[in-house]
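Going down the list, the protein sequences come from chains A and B. Everything in the first sequence is counted per our numbering, starting at 1 for the first residue and increasing by one. Everything in the second sequence is counted per our numbering, starting at 1001 for the first residue and increasing by one.
Keep in mind that the hints are not guaranteed to be accurate.
To be verified - Simulated DEER-style distance windows between Cβ atoms:
| # | chain 1 | residue 1 | chain 2 | residue 2 | range |
| --- | --- | --- | --- | --- | --- |
| 1 | B | 1192 | A | 53 | 47 to 55 Å |
| 2 | B | 1214 | A | 200 | 22 to 30 Å |
| 3 | B | 1192 | A | 16 | 32 to 40 Å |
| 4 | A | 18 | B | 1160 | 28 to 36 Å |
Since the hints were derived computationally from the structure, they do not count as laboratory data. None of the values given here were measured: they were computed from a predicted structure. Backbone N, C-alpha and C fix where the C-beta goes; we use that ideal spot for every residue, glycine too.
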Amino acid sequence: MKIAVCINHVPDTATKVNIGPDGKSIDKAGVNFIISPYDEIAIEEGLRLKEKHTGEVIGISLGGDAHKETLRKALAMGIDKAVLLKDDSVRDSFSVARALADYLKEISPDIILFGKQSVDSDHAAIGLMVAEMLGLPSASVVVKLEIAESNVTAEGEIEGGHERVEMKLPCVITAQKGLNEPRYPSLKGIMQAKNKPIEERPPTPPQNKVEVLSMKKPPAKGTGKIVGSDVCAVPELVRLLHEEAKVI
Amino acid sequence: MNILVIAEQRDGTIKKPSFESVKASKALADQLNANVIALLIGENVQSTANLGGYGASRVIVVENPRLAKYSSTAFSKIASEIAKKENAEIIVLPATALGKDLAPRLAVKLDAGLAADCTALRIENGTIIATRPVYAGKALTDIRVTSPIKIFTLRPNVFTAGESSGASAKVEHIEVALTDSDFGSIVTEITQSVGKIDVAEADIIVSGGRGLKGPENFKMIEELAEALNAAVGASRAVVDAGWRPHDEQVGQTGKTVSPSLYIAVAISGAVQHLAGMSSSKYIVAINKDKEAPIFSVADYGIAGDAFDIVPALTQEVKKLKGK
Ligand SMILES: Cc1cc2nc3c(=O)[nH]c(=O)nc-3n(C[C@H](O)[C@H](O)[C@H](O)COP(=O)(O)OP(=O)(O)OC[C@H]3O[C@@H](n4cnc5c(N)ncnc54)[C@H](O)[C@@H]3O)c2cc1C
Ligand SMILES: Nc1ncnc2c1ncn2[C@@H]1O[C@H](COP(=O)(O)O)[C@@H](O)[C@H]1O
């Protein structure tokens, strides 16, 4: 089974975001970058599929040289091959999807795994755009995946429940927390990853359809009111919620 | 000009986020001199008339027994055909599970830019400017879609639907030819947790954290939630510990929520948690550590022991509601 995983390189979720000098993106100075948490789940699922069905796992990231760091981590987790679609330009979700789809078309995997959402831009869109570009069926926000022969059963999260999606390979999956528990790279994996090559490819140039005009921090909350420190404060809290905030 | 809203119905009822999308589209339409058309896809579609009360002038219904359950491939085909037929330049969907799944496919089919999960829309010199949170709400961007066809998905609970005006829309039934190949992926079964309110849809959320010490103590959180008709949420610490299911997790790697009231009980307020809930309209923190970061985003707080305060709060709420 040929398994592809699309992996993004994003600021650590603990980052305190500051706006950069262009006023349109974050200030990257001093920011620690990680594999986007859902993409880590996608990588783990790819490795498990390989362990079960044999084959190879190819990790793909689109971005600048810094993304090599994330691809190295994926290699250390155990993927067989890493491809950097090397590009420093500003892209919207459509342009990222186009570049990924064009490369994926060339390698035609049996299954393509994405995170359900990249925790920087939060589009939750690229996996499904790629599916549409390649004419493949998909299941999104997947917490359970089973493949028998070419039949795929995926369980996706919806409001207040789950839905079971059935389709055939080749297909696209976007991974949600709960699908698996990503492994830590072994020391051996880390050592081996150092020597594995990262293939570099020029991606399809961007043709953006969305332009970021400005980025700012959300308005700071006014300092709240500490109503008290024990049960005596409860009636006052309820009064405030009922009369002042009018939310109950 | 036409604005097409892809409304969502499950089991014959239209969900609130669809009304919010229609209402927000109507606000755009009034400024752009456009019409709002709502599209409903399914089997046995009812309650169509309601959409008129929120601003749709026409409702297009595509019915077919094969559309009883969602199919990403078939629904996107239908929506794109209707969008083309109606020359819709603007397409709006609620950013629900279904809307988030459908919109990216639609964007590709219509060669349209997608503004996902918007929290505000405004018009400046005839151009729609959308606000969308990034980095789980740690920053907000203003964006513009530059392609001729533009797609917006709107975060539930942020735009207000208000009350129906009672106006009715013209309902048209349209056939779309479908073949087996349109059903590349199909939903075969839906399991709903009965009686459970999802955090992503809830108007009030009561969340518990590690300070509750064990899963058994979530009983008091559930009781408070029940008194408030609220959903139960959780921090990642308690989800990772297996005390609560992960569909209740609020935060950067859980759900992003914007209820009118969020009550955080024994949650410290780590950045990843704050990222998912700080856009709530009102926040109440109950934490015995008055230095806990959760108080920095709270409107009201009680710096005390949750084990005393929560049961008392439940009683007081019941008293208020006359239960
Ligand atoms: C990649 C990544 C992603 C993450 N994503 C998320 C996410 O999506 N959501 C999320 O929530 N976290 C997330 N986290 C985890 C986050 O960093 C925190 O570890 C977590 O939110 C802490 O949960 P907590 O507040 O329940 O526990 P703690 O931080 O342990 O806080 C417990 C609180 O309870 C209080 N307390 C104790 N006893 C009582 C009592 N009797 N009465 C009242 N208060 C009491 C304490 O004062 C303390 O403030 C993420 C972390 C990482 C690294
Ligand atoms: N630059 C990128 N390179 C490779 N994969 C990406 C990139 N950006 C996003 N993805 C993939 O697309 C998913 C969804 O991203 P998004 O639609 O931006 O939330 C991510 O979880 C990744 O799997």
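Here's how the hints hold up against the structure:
1. B:1192 / A:53: 47 to 55 Å: For residue 53 (chain A) against residue 1192 (chain B), whose Cβ atoms are near 32 Å apart, the range 47 to 55 Å is violated.
2. B:1214 / A:200: 22 to 30 Å: 51 Å, violated
3. B:1192 / A:16: 32 to 40 Å: For residue 1192 (chain B) and residue 16 (chain A) the Cβ distance comes to about 38 Å; the hint holds.
4. A:18 / B:1160: 28 to 36 Å: 32 Å, holds
In this structure, the earlier hints numbered 1 and 2 are contradicted, and the remaining ones agree with it.
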